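**Q** Okay, here's what each chain looks like letter by letter:
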Amino acid sequence: MHEMPVTESILNVVLKHAAMNKAEKIISVNLQIGKLSDLQDEWLQRYFDYLSKGTIAEGAKLKIERTPVIMQCDGCSTCYEVEVAQMDNLVCPACGADRATFFSGREYYIKTMEVQ
Amino acid sequence: MAEIKLIEVKEEILADNIRQAASVRDEYKRKKTMLLNLMSSPGSGKTSLILRTVEALKDSVNIGVIEADIDSTVDAEKVAATGIPAVQLRTGGFCHLDAAMVTQGLDALVGNDLDLIIIENVGNLVCPAEFDTGAHKNVMILSVPEGDDKPLKYPLMFSVSDLLLVNKIDYLALSDFDIGALRKRALTLNPRMAILEISCRSGAGIEEWIKWLRQELEAFRK
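Chains as they are written, first to last, in our numbering: chain V, 38 to 153; chain E, 392 to 613.
Quick caveat, the hints were computed from the structure, so don't treat them as lab data.
Only a predicted model underlies this, so the values are computations on that prediction, with no experimental measurement involved.
A portion of the hints provided could be inaccurate.
Said to hold, decoys possible - Straight line, CA to CA, 25 Å or less: simulated BS3-like cross-link-like pairs of lysine-lysine: (1) V/K72 / E/K396; (2) V/K59 / V/K100; (3) E/K401 / V/K53.
Using the sequences provided together with the hints, build the complete structure.
**A** Next comes the structure, spelled out in structure tokens:
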């Protein structure tokens, strides 16, 4: 729902780094976005294509890595991956405990980009 | 053809907003004005809660309100009728507030010497959770008719809130809402979150909410 302002931020950050590195063209951008985010990959790319027209990022491909939701067991501290829809039925694979605490899965990060 | 080079960016996507939010938070900490970001779905009781809060605190706490609405001034008019300073931000279709929009609202309230500014975010459980507004405390409302499964559908909102207010508890008897299940789901996402049950209509639980708010204001001023 809020892909537009997010895309604008991505574009601003990558243009800044491209200028710092005296790049002439941005080929691709590698993003890390946690699975807890509702952002839709397809819309990010569409908005990016629209906003980047006429800039050195025009035509760049967004490569989105979805980082998993990781819970940490309250009993034995084991970290394990869950799907968002299954957060209601937590079972620790190590000790079987059903109580766990949210550990990660909210990432919102630009890792690297390929430029010429 | 030029060689392809890999650049390490290592930056948060919303870096600009994060920076601006942090600067708003610092500025208002120095001014001793607590900013409270109120988030929920449309119709779950944000404006009713603000009216209840103003009614309970207006003799002891100077309150201002920033209202965000996509394109109307109905909420700000209701709040302004209580006599406290209220600003309406029309977000013009934007589904959330960010630190830049909040700054506009704060600028419009300058000169009022306020202890507390309540920011009523756009009614939406998705987008407001992604954007730091610069508030010191995040409070979300979930109302009974919305259902106890919402932490599974909107996990991010539950993970960023300091307090969950379960509103419309006067409807509990009419529904199959399982408050125990809601608590478990919400605390899994955010074990530090406080949870209070209220009804803005009957007034049940409002005293506990006011107590929470007074404690937070006191801790904030220290």
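**Q** Evaluate each hint against the coordinates.
**A** To see whether the hints hold, each was checked on the structure:
{"no.": "1", "hint": "V/K72 / E/K396", "verdict": "violated (29 Å)"}
{"no.": "2", "hint": "V/K59 / V/K100", "verdict": "holds (22 Å)"}
{"no.": "3", "hint": "E/K401 / V/K53", "verdict": "holds (12 Å)"}
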